[in-house]
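Construct all of the structure, not just a fragment, from the sequences and the given hints.
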Amino acid sequence: MDSSVVVENIYLLVIVTLISVLQNAFFAQKVERECKKPDGHTSAFERLSCANRNCMDAYPTFLAAMWCAGVCLTQAPAAFAGIVYLLVRQKYFIGYLGQTCQSTPGYLFGKRIIGFLLLMSVVGVFNHLLRRYLGGGYKEYVETITNAASALLLIP
Amino acid sequence: MDSSVVVENIYLLVIVTLISVLQNAFFAQKVERECKKPDGHTSAFERLSCANRNCMDAYPTFLAAMWCAGVCLTQAPAAFAGIVYLLVRQKYFIGYLGQTCQSTPGYLFGKRIIGFLLLMSVVGVFNHLLRRYLGGGYKEYVETITNAASALLLIP
Amino acid sequence: MDSSVVVENIYLLVIVTLISVLQNAFFAQKVERECKKPDGHTSAFERLSCANRNCMDAYPTFLAAMWCAGVCLTQAPAAFAGIVYLLVRQKYFIGYLGQTCQSTPGYLFGKRIIGFLLLMSVVGVFNHLLRRYLGGGYKEYVETITNAASALLLIP
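Residue numbers (the working numbering), protein chains in the order written: chain A, 385 to 540; chain B, 385 to 540; chain C, 385 to 540.
Take every hint as true, because none was put in to throw you off.
Identical copies look the same in the list; a pair holds intra-copy or inter-copy alike.
Computed list of lysine-lysine pairs in PhoX-like fashion (alpha-carbon distance at most 25 Å, straight line):
hint	residue 1	residue 2
1	K421	K495
2	K475	K420
3	K495	K420
I should point out that these hints are in silico values taken from the structure, not numbers from a laboratory.
And the structure:
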């Protein structure tokens, strides 16, 4: 197994993962800067720290869902869903930063995206089992459907 | 490397991961519903949030151990241990929900299962190194042992 | 795809992951032991719990960066950087244990190591895309550079 063949199948997922790592570092830096402000632990720090914790709590779940979906079915829609998730997370964090009361739109933001990734994984595993026991190869058909369906995520 | 060959080796792990993602969502929903109750942040919410945090803290560790064990040795016992871990976690969370004082059985629940997965990974890596330098191929023997040993996890 | 070929490419990463799991268990045990002390929730427990939470928050990010770097480029420098990160984390946690005020050197300890791993991943993906579209195969050259550069991490 040449290593480059592996990279070929996952490089979009890797890029999204790298962006998410950068975003995590951005969040952590925001929290740290707020923490070092002279007026001590204000309510802004509390809100920021809470938003960061919510993001961090959901992060492994998101990574697991995205990688499962990307490896089991196909990587492009999974990576696209991951990008959308990162954008939603950014918006959620910035919403927390502001003083508006529209923050905390829910503990688990991005439920729809996680659901979509889960569905992709289930379809991938199901597809694999069907192909194994029945021999039918309709994977390309499913991949086309998924690529089209991922555009639906953009609808707010 | 055909993608379906990869899926063949990991689909049980993927299924367990999907179940764990669903369980995470279930936990988060429980916490959110408790948070939105009219009587504010009660002690029930505190306990629930604490249980959820303990579960989330241990989640990446569990995922890493399960995937390492499954990829390095063989997937069936690793997935079985993962299922048992999820059941233990569910019981732990439900125990926190109840008013009984038998909750918080420990910070790291499921130590034995994590230990078993670690052992599997160590055996897998060791086996690989042995086969690389000595040429002996007793991996099938080890796999049989592991499959039998995973049944021992059911003993409470 | 023979399973042993996969293990060949990742076994160093698996070893580092196993060590990190053991370290997580060590941290959790420290926190649990402090929690069960008769004098209740002291400031030592607060500090320990905070250090543990910081470590746990950064753990998925670290794992994702290390595995991406190891899979995309080459595993030896990534595993080495992972070991250095674990040492830094250990020092951070022990520093929290002591009564000295030199603890909390920052929210995100090990920024340089995470940065190095990110750089490795970016180089790996970039290299793959270049090879795909241009056909040039200078990956061995990049790997040599990376192996040399990983030694620079030892400079404090």
